[in-house]
Amino acid sequence: MAKILIPTPLRQFAEKNNSVDVAAATVGEALASLTTQFPDLRKNLFNDEGKLRSFVNVYVNDEDIRYLQKDATAVGDGDTISIVPSIAGGRC
Amino acid sequence: MIRVQPEPWATMVAHAQATYPNECCGVMLGSIDDDNKVVEVAINLENAYSGPQNEHYEVRPEDLLMADREARKLGMDVIGIFHSHPDCDAYFSKTDLENSCPWYSFIVLSIQKGTFHHANSWLPNEERTHAAQEPLEY
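Sequence lines, in order, name chains A and B. Residue 1 is where the first sequence starts when you use my numbering, and the numbers rise one by one after that. Residue 1 is where the second sequence starts when you use my numbering, and the numbers rise one by one after that.
Isolated chain B, as found in the complex (with noise of 0.2 Å):
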């Protein structure tokens, strides 16, 4: 179970509406304590997709090692992405499992005429072709 703190809660979704109608991107950084983690803070990345925006996203690495960093000054673990979908349903697309990494949780945002409607957490495996989604709370 992933569970997101009202502050970063509050910082991804303001990311992701005021992103809309392109996807956002994100990190995610807090504690993990065996299954259960918890999002402390929130890191709103640029999304570097270098075509449309309002169907694809991808995270700079070096935006990752940045975060990673970050992390670890903080006493803190990298838990997962956050990404928004927009005026779409927080489902985990083919084009996200390809392209995901099975070390982590991602939280997909559903944005519905700019304003948030629902979100998911989801779990690559490890060869990437299925996610099982996690509980989310938030």
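Bound conformation, chain A alone (with noise of 0.2 Å):
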């Protein structure tokens, strides 16, 4: 099982769980077993064609999917799945 880290304001969208377990062998099929558990998840974290919306990170330990294999990048027993935002702004 893997772990995937459910962010603070979400948890709202999954039962209030921090963290949740799932079976699974790559990325794509945890993000896809968890938003099936927790459907409002979904729209939080995809857009309507299907892919991530445009400001969220996937990590898996301290990797960013988008280095590894993406949505293919294998997880298993131990592996910790982190959701992060990417953050900017400027005054003009």
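Everything labelled a hint here was simulated from the structure, so no lab data went into it. You can trust all of the hints, since none of them are fake.
Only pairs whose alpha carbons sit at most 27 Å apart, straight line, appear in this in silico DSSO-like list of lysine-lysine:
id: 1; chain 1: A; residue 1: LYS70; chain 2: A; residue 2: LYS3
id: 2; chain 1: A; residue 1: LYS43; chain 2: A; residue 2: LYS3
id: 3; chain 1: B; residue 1: LYS94; chain 2: A; residue 2: LYS51
id: 4; chain 1: A; residue 1: LYS43; chain 2: B; residue 2: LYS94
id: 5; chain 1: A; residue 1: LYS3; chain 2: A; residue 2: LYS51
id: 6; chain 1: A; residue 1: LYS3; chain 2: A; residue 2: LYS16
id: 7; chain 1: B; residue 1: LYS113; chain 2: B; residue 2: LYS94
id: 8; chain 1: A; residue 1: LYS51; chain 2: A; residue 2: LYS70
id: 9; chain 1: A; residue 1: LYS51; chain 2: A; residue 2: LYS16
id: 10; chain 1: A; residue 1: LYS16; chain 2: A; residue 2: LYS43
id: 11; chain 1: B; residue 1: LYS73; chain 2: A; residue 2: LYS16
id: 12; chain 1: B; residue 1: LYS73; chain 2: A; residue 2: LYS3
Because the structure is a prediction, the values reported are computed rather than measured.
With the hints in hand, could you dock these two chains into one complex?
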């Protein structure tokens, strides 16, 4: 089982769990399992085309999946999946 | 409403003044009870923007990941992000809005001539097309 850490503001859509264990072989399968179990999470993580929203980054342990195999990144027992937003801005 | 306790508030203001005339950024940790948020810890982050930092900031996702781990260790929640506007008011700019995340509170500190002037908190909507002002106490 891999563990998905749920960011604080999204826990309301995941029955207040701060983490969810999922049986999955890849990150894509893990997130599919998560959003099947908690459908209200789907619109928070994915756009209408089913892609991760532009500001959503996914990490397996300390690695951004964009620099691994993206959705196909393998996960297994003991792996932790984190959902981390991109944040920036400026006064102008 | 969001209330920042004195210690994290001092940390945030000191960081914003120390980084002047550049924009600063950081993460706020604490507790949430319904819509009442209390900031108990502020973590200063490095502005990772590669261009002119006097008018832009960027949070490294890796730094936010570390902050989330710290929050879990402390039994707290990640409540929001703070950043500064050097010699500008504490509005939520178009750039702030378009590069925000609808999950968090965003506190903007206005630093005028190197000294803290005022602050506001903002809540971006889901589409990141509008940010509502959130009552802020510090």
